[in-house]
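S.K.: Using the hints provided, position chain F relative to the given structure of chain P.
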Amino acid sequence: GAVVSQHPSRVICKSGTSVKIECRSLDFQATTMFWYRQFPKQSLMLMATSNEGSKATYEQGVEKDKFLINHASLTLSTLTVTSAHPEDSSFYICSAYPENAGGRETQYFGPGTRLLVL
Amino acid sequence: AQSVAQPEDQVNVAEGNPLTVKCTYSVSGNPYLFWYVQYPNRGLQFLLKYITGDNLVKGSYGFEAEFNKSQTSFHLKKPSALVSDSALYFCAVRDMTNFNKFYFGSGTKLNVKP
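These protein sequence lines map, in sequence, to chains P and F. Add 440 to the 1-based position in the first sequence for the working numbering, that's all there is to it. Add 647 to the 1-based position in the second sequence for the working numbering, that's all there is to it.
So here's chain P without its partners, still in its complex pose (with noise of 0.2 Å):
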């Protein structure tokens, strides 16, 4: 089946610092990626998707120069948190789907990085 990894798995950082978070489908192409953001106990909440070799399409209130979205290869996006600061700690989950799927497919999940800023 397909996979989706995600690194680091969790990470904690200084306020004020940058925090990149990767993004990799293993075993498939996938044009698109998503970025999703879970506050505790709530659902997921589409931060933007990154469409490879163009910019990322970010979802209202969600500030793009805040959660830089890089998308370069067809395997790889990441996400960086400029100048995290202690509101941005979440748990944070990418997506990908797969190149030429139809509707019918499903987004595949990474595991998820839980950032902590302190």
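Where hints are given, some of them may not hold.
Pairs of lysine-lysine residues, derived as BS3-like cross-links and limited to a Cα-Cα distance of at most 27 Å, are as follows [to be verified]:
(1) K481(P) with K504(P)
(2) K506(P) with K495(P)
(3) K506(P) with K748(F)
(4) K696(F) with K495(P)
Per the computed footprint, the stretches of chain P lying under chain F, defined by three or more beta-carbons under 8 Å from a beta-carbon of chain F, are [stated by the list, open to error]:
(5) 474-488
(6) 548-555
None of these hints come from the bench; they were simulated from the model. On a predicted model such as this, the values are computed, not experimentally measured, just so you know. Note that CB positions come from ideal geometry on N, CA and C, so glycine has one too.
M.R.: Showing chain F alone in chain P's frame:
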């Protein structure tokens, strides 16, 4: 606009008993519906989907879901619950105007007690 609702924050069931996790949807047109499971500090795992065809969809780990168009529901079911089924369950619907977007329900925590 597309949306799904999970009316129960938590469902408690004894091991061996049948379980149901409820989901209702609101879409224009025919829905593409999905169920996912999330274990603590993990991403979502795909369980099953309904696109077209039989209203009863069978998925992973013995789960199934019944699509009911008249009631706009897509409840997740399992005939005999296991303690290991305890997790957070999300219902989702695909945006029919933008296939890239999924809308997730608020999640239902399933507790299966021995």
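S.K.: Next step is simple, just say for each hint if it's right about the structure.
M.R.: Cross-check of the supplied hints:
A hinted pair counts as satisfied when its Cα atoms are at most 27 Å apart, and K481(P) with K504(P) qualifies at roughly 25 Å. For the given pair, K506(P) sits about 15 Å from K495(P) by alpha-carbon distance, which is consistent with the 27 Å threshold. This hinted pair checks out: K506(P) and K748(F) have alpha carbons roughly 22 Å apart, not beyond 27 Å. For the proposed pair K696(F) and K495(P), the alpha carbon gap of about 30 Å is over 27 Å, so the pair is violated.
Against chain F, the region 474-488 of chain P contributes 6 residues with a C-beta closer than 8 Å to a partner C-beta. That satisfies the three-residue criterion, and the hint holds. Here's how the region 548-555 of chain P fares: 6 of its residues keep a CB closer than 8 Å to some CB of chain F, so the rule of at least three is met and the hint holds.
The structure does not agree with numbered hint 4 stated previously, though it agrees with all others.
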